[in-house]
Amino acid sequence: MSATNPPEILARVTGKTAVQTEARAKSFRLWITAGPGLFWVVLFLLVPSVVLLGIGFFASNDYGQPTMPLTLGSFQQVAGYSLLGWDDGNIIILIRSLAQAATATIVSALLSYPIVFFIMTRPVSVRPLLLLLIILPSWTNQVVRTYAWLELMGPNAPLTAVAHWLGIVPPDLGIAPGSFAITTGLAYNYLPYMIVPLYASAERLDWTLVEAGRDLYAKGFRLFWHTVFPQTVPGLLSGVIFVAIPAFGDYVVPQLLGGDRSLMIGSLIANQFTETPDWPYGAALTIIMLVFTGAGLIAFRILTRRLGGAGEATI
Amino acid sequence: MLDSAPEPVPAHSAAGRGAISILGVTRIFAGMIPAVDGIDLNIEAGEFFTLLGPSGCGKTTLLRMIAGFETPDAGRILISGREMQHVPAHQRAVNTVFQSYALFPHLNVEQNVGFGLRMKGVPKAERKKRVDAIMDMLQIGQFATRAAAQLSGGQRQRVALARALVNEPEVVLLDEPLSALDAKLRAELQIELLRMQKRLGMTFIFVTHDQHEALVMSDRIGVMSKGRLQQVGPVLDVYEKPRNVFVAEFLGLSNIWPINPRGGDQAETPIGTLQITSSIGAARMAMIRPEKIWIYNDNAVPDDKPNIFRGTVREAIYMGASTQYRIELTTAPDNFLLALDTNNAAAERSWRPGEAVAVEIKPDNIMLIEA
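Quick mapping for you: the protein sequence lines, in order, are chains A and B. For the first sequence, position 64 (counting from the first letter as 1) is numbered 287 according to our numbering, and the numbering increases by one without interruption. For the second sequence, position 181 (counting from the first letter as 1) is numbered 664 according to our numbering, and the numbering increases by one without interruption.
These are calculated hints, taken from the structure and not from any lab test. What you are looking at is a predicted structure, and each value in this text was computed from that prediction instead of being measured. In this text, a Cβ means the ideal position worked out from N, Cα and C, and glycines have one as well. One should not assume that every hint holds.
Derived CB-CB ranges, DEER-like [said to hold, decoys possible]:
id : chain 1 : residue 1 : chain 2 : residue 2 : range
1  : B       : H569      : A       : L356      : 35 to 43 Å
2  : A       : P259      : B       : A663      : 41 to 49 Å
3  : A       : R528      : B       : Q574      : 45 to 53 Å
4  : B       : A627      : A       : I318      : 19 to 27 Å
5  : A       : L352      : B       : Q574      : 33 to 41 Å
6  : B       : A627      : A       : G519      : 52 to 60 Å
7  : B       : A663      : A       : V264      : 40 to 48 Å
8  : A       : V347      : B       : R711      : 41 to 49 Å
9  : A       : G519      : B       : K611      : 34 to 42 Å
10 : A       : F340      : B       : K611      : 43 to 51 Å
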């Protein structure tokens with residue numbers, strides 16, 4: 224018997240069977256490729272989540288730090304129960320966060336389509352530049368960019384003046400703070416994360432399908448809906464995930480552009496670690512938020528898989 | 484519409500339902516030589532017309548202008564006698580079968596076939612009836628609920644055809660629809676497509692670069708090269724009486740020689756003096772198809788016949804139904820002659836490389852061409 228392939232040669236040297244050596248080589252390759260990613264996920268996602276979950280079950284001392292005894296109090300508090308009975312405050316904040324995330328996602332998707340198709344119909348040489356111009360602002364600090372919106376939408380700001388003139392905002396109030404300002408800020412902040420995946424799928428667009436649609440009497444919106452849109456669904460779904468999830472937990476935008484009456488879950492959590500410390504309560508809130516995000520992702524996967532031919536979201 | 488008064492339609496233009504008139508149509512893509520260069524063409528109603536030519540000859544561009552995907556830079560296109568200049572693609576009674584099939588991936592077979600009727604607003608019940616009928620006709624009924632991705636190439640092609648035919652268009656445009664299929668399936672679908680066209684009586688305009696396919700299917704062929712029509716005519720004419728060297732060579736194997744008149748019915752060629760039937764006139768070339776050449780045993784040469792040449796078989800390629808020979812002529816060792824002999828029951832024998840033979844080029848079979 225002559226050993227010709229590496230596992231067999233190795234098997235002779237080590238005295239193990241070729242199958243064993245082969246299995247080893249395979250597991251080594253797996254560790255080399257998947258290992259770093261796994262390490263990252265465990266260290267920066269799994270461990271902190273477990274720590275947070277742990278903190279959530281402690282009681283809180285006078286300084287808001289976790290202390291004995293173990294209790295379910297913080298989770299009850301998340302659900303709205305306190306010494307004063309049940310309160311809908313948290314549910315409203317949760318719903319408001321979901322609604323803001325949904326609105327911001329829809330607005331950014333609606334803005335993205337015309338932008339993507341504008342870029343796509345430019346000459347090949349200028350497309351990367353236009354795409355860069357879209358991405359460029361997101362390289363600067365989010366706080367700075369959001370402050371810029373405050374300068375535009377706060378009381379006595381230019382856009383507010385326009386809104387007053389149009390009569391859509393009551394006099395002596397600004398657009399910010401308010402829900403509309405938050406939606407604007409979120410959609411603006413996460414727009415590139417919608418445009419880039421959408422552009423990626425639009426760039427591979429099969430234009431013959433569009434011609435087939437025209438050939439079969441479709442035009443205008445129906446032509447877009449039946450021939451272009453289905454081809455962009457994979458990009459759109461990726462974009463939805465990239466926008467909806469960070470928008471749901473965003474802290475900077477609601478903090479700067481929203482008031483107390485448009486509090487979102489990100490700010491609520493931040494408050495538990497800063498202004499009015501209550502670590503266990505903050506941890507419990509974070510865990511619940513993670514559960515919602517995870518459940519949303521899973522539901523989304525199932526939904527997109529069911530769409531079948533339209534393609535799955537590629538995250 | 485801001486249309487000026489329509490120009491009068493020339494008397495010779497075709498005008499029946501499904502007839503097409505192409506009048507001086509030119510299309511120039513930015514910075515390039517014309518893709519389609521001043522084409523005049525009439526296609527009769529109910530005709531199976533093929534645009535044949537190598538890739539880049541402008542045949543697809545011409546087809547796309549008829550479909551309405553491209554706008555001519557000059558000239559006019561009339562379909563069923565109607566000016567098409569301001570009629571967008573979605574309003575033309577023309578349907579296209581695309582080379583890549585272009586089936587909608589998110590719709591199943593039935594929905595793909597019914598798409599045109601749905602866009603036209605045909606009521607659901609009638610739509611179903613017509614879709615079912617056409618799916619039956621093309622034998623794709625059993626795939627009705629499958630996605631396009633789950634079909635084989637041949638099946639996709641049928642769906643694409645059904646999707647066009649169900650709308651009962653005046654003209655069906657087919658852009659190399661069979662080029663992605665294997666030889667056997669392709670031959671089957673050629674015949675089926677032809678039967679379908681005869682049965683429905685629609686005008687078919689078929690684009691292909693495959694001369695065999697063009698010969699099999701067409702009533703008439705338009706041979707294109709460099710944006711121009713080189714020759715238009717019935718299949719037989721285009722093959723047997725090519726107008727120029729390009730057409731002769733594109734439609735099949737041929738022996739072509741430049742000729743010099745020697746007076747009367749004699750012409751000087753590189754292989755020797757040829758006797759011809761007609762006067763040379765403006766002709767500059769002589770052409771004979773390989774299958775029109777007679778091959779004899781070297782010792783059985785009929786002495787009384789004109790245009791007998793002696794030579795040696797240098798190559799014999801057996802092709803099943805026929806054998807192709809390359810014969811080196813004694814009179815002109817640099818000029819090989821291509822000859823094709825059928826291997827049918829009447830064939831006396833075949834020749835092997837190295838054998839001495841004599842060939843007869845009958846004057847009747849020599850075609851004189853101008854350039």
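Notebook entry, point to check: Which of the numbered hints are not met once you compare them with the structure shown?
Noted result: 3, 4, 6, 8 and 10
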